[in-house]
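Line order of the protein sequences matches chains A and B. My numbering numbers the first residue of the first sequence as 1 and each following residue consecutively. My numbering numbers the first residue of the second sequence as 1 and each following residue consecutively.
Incorrect hints may have been included.
Unchecked claim - Here are the simulated lysine to any residue pairs, SDA-like style, with alpha carbons at most 25 Å apart:
1. K95/A - G78/B
2. K95/A - E106/B
3. K122/B - E16/B
4. K122/B - G132/B
5. K95/A - G132/B
6. K95/A - S110/B
Don't read these hints as lab results, they were simulated from the structure.
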Amino acid sequence: MAVVVQKHEALQLRSDMDIVRVRQAARAWAVELGFNLVDQTKLVTAASELARNTVGWGGGGTVRLEALDDGGRQGLRLTFEDHGPGIPDIELALKDGYSTGSGLGLGLGGARRLVNEFEIVSRVGEGTRVTITMWKRGA
Amino acid sequence: MRQSEFRNLQSTMGGERIPILKMGEFLLVTIQVDMHDRLALILQDDLAERICKTGARGVLIDISSLQVVDSFMGRMLGTIAAMSRILDAETVVVGMQPAVAITLVELGLSLEGVRTALNVEKGMELLRSSLGPRAKEGRDGRGRTEA
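Isolated chain B, as found in the complex (with noise of 0.2 Å):
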């Protein structure tokens, strides 16, 4: 095994979560690594838990750094758009690349559901919009009413 793979699959051991940035009303989370399977579901259940206790209204999944996205990972941010959704937050997944997104369309999975936008900015944009004045008041803190 190469020293670079080897460092890859030893970020992913050890029972290391992706982390679960708070950003005023929003979640980010930036996938960095090549999940195993587990640490996908391992993500589903920290970000509904952490949904729950901060009462976020966006998730913003961040999948740039990812270079293989397959049907079960496709399903792991379908499940995430859903159960966020039932939890009253947006998701928007942002920063898919276009090999990736050529892939997913020849395997069949369309990530129903699940929103999508180009870029982390255009992703705040989007759930900024769709959530309307509250949004914008959490974002900058002061609770000061948009014009």
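Isolated chain A (complex conformation) (with noise of 0.2 Å):
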């Protein structure tokens, strides 16, 4: 069965009050859709590390939240999105201790432990897009 999105919406990300704003976001989001508490608080924080990598790293982009459906388990999906420099290692990136000391720090490897799912997609040059999502549990 095919995942629906059943809900979206975009946020630009340009400011470190653009940061909070998307953890305030994914914050309602997670409750609406009933995550428990610790599920709720491992998203908005991974959501806040990679808002900053965007901000910081990516000089700015978007995210996007959707609500999904998978055949009754829902899930909250977020994709971050910059035209800026790149990731040139995102294997370097990933690891533990690794900054770039503008905001690439323990965001990236620290965010995909959090969540359940983590995807990056980053061409130097181009922009970066990470997508991360949590699907409920015990649905």
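Put the two chains together into one complex; each comes in its own frame, and the hints tell you how they fit.
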């Protein structure tokens, strides 16, 4: 059965105030979907890390929030996209302790550990797209 | 945007700062808003200044209202602890929510060098015991020596 997008919304990511907005939106959606507190916190924390990467390293971009239904299983998918410098070595960037000093720190590898699904596509000079998905437990 | 979200945003805008309260020889910081990054850096600077001005021996940071501590915020707590140590003050972070603790560990942040306690009261005890009799004198303000 195909995954159905039940609801979606896009937010701009340009400043550190926008990072706060993303945290609040991700929290509101996770609560609405009935995620437990730990999963809410993990998702919001991952969103915060990735939003900061988009603002700091990507030079700004967008995040798209989508509420998913996969045959009764509910999830939340967040897609962060920028048209910044891209990430030359993704494997290196995913390693703990890797930091460029301007926003790509624990963020990427940490965010990957906090969610159920993680996908990154990046091209040098073109930009980066990171997609994370969290599924509601016990559904 | 929902109204409650808007209020949250408003409260962190317009140059607002996180208040730092002085309690005897200690400084108490209660973080009650979802801080944006710049506000966190301002708090760091403000704390350094207040420690120097007041000669505080301890700093208590209450994060019980915080629903999220990400790597930026975690690094900030570490920096505050290291900075206050250099300024001869101990830092204790208190009140971390269980979900935040679980998330921090999975994120890979162990808050090394940051002392923690379950609540403000236990944090105070920790600071007093680590500072010894001098702090106790400061607490009741009468310079009484403990038996």
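Right, here's what the structure says about each hint:
At most 25 Å may separate the alpha-carbon atoms for a hinted pair to count; K95/A and G78/B meet this at roughly 21 Å. Proposed proximity of K95/A and E106/B is supported: the alpha carbons are some 14 Å apart, at most 25 Å. Distance check on the hinted pair: K122/B and E16/B sit about 29 Å apart at the alpha-carbon level, beyond 25 Å; violated. Between the alpha carbons of K122/B and G132/B the distance comes to roughly 15 Å, so the proposed pair stays at or under 25 Å and holds.
Using a Cα cut-off of 25 Å, the hinted pair K95/A and G132/B is violated, with the two alpha carbons roughly 42 Å apart. Proximity of K95/A to S110/B is assessed by CA-CA distance (about 16 Å); at most 25 Å being required, the pair is judged to hold.
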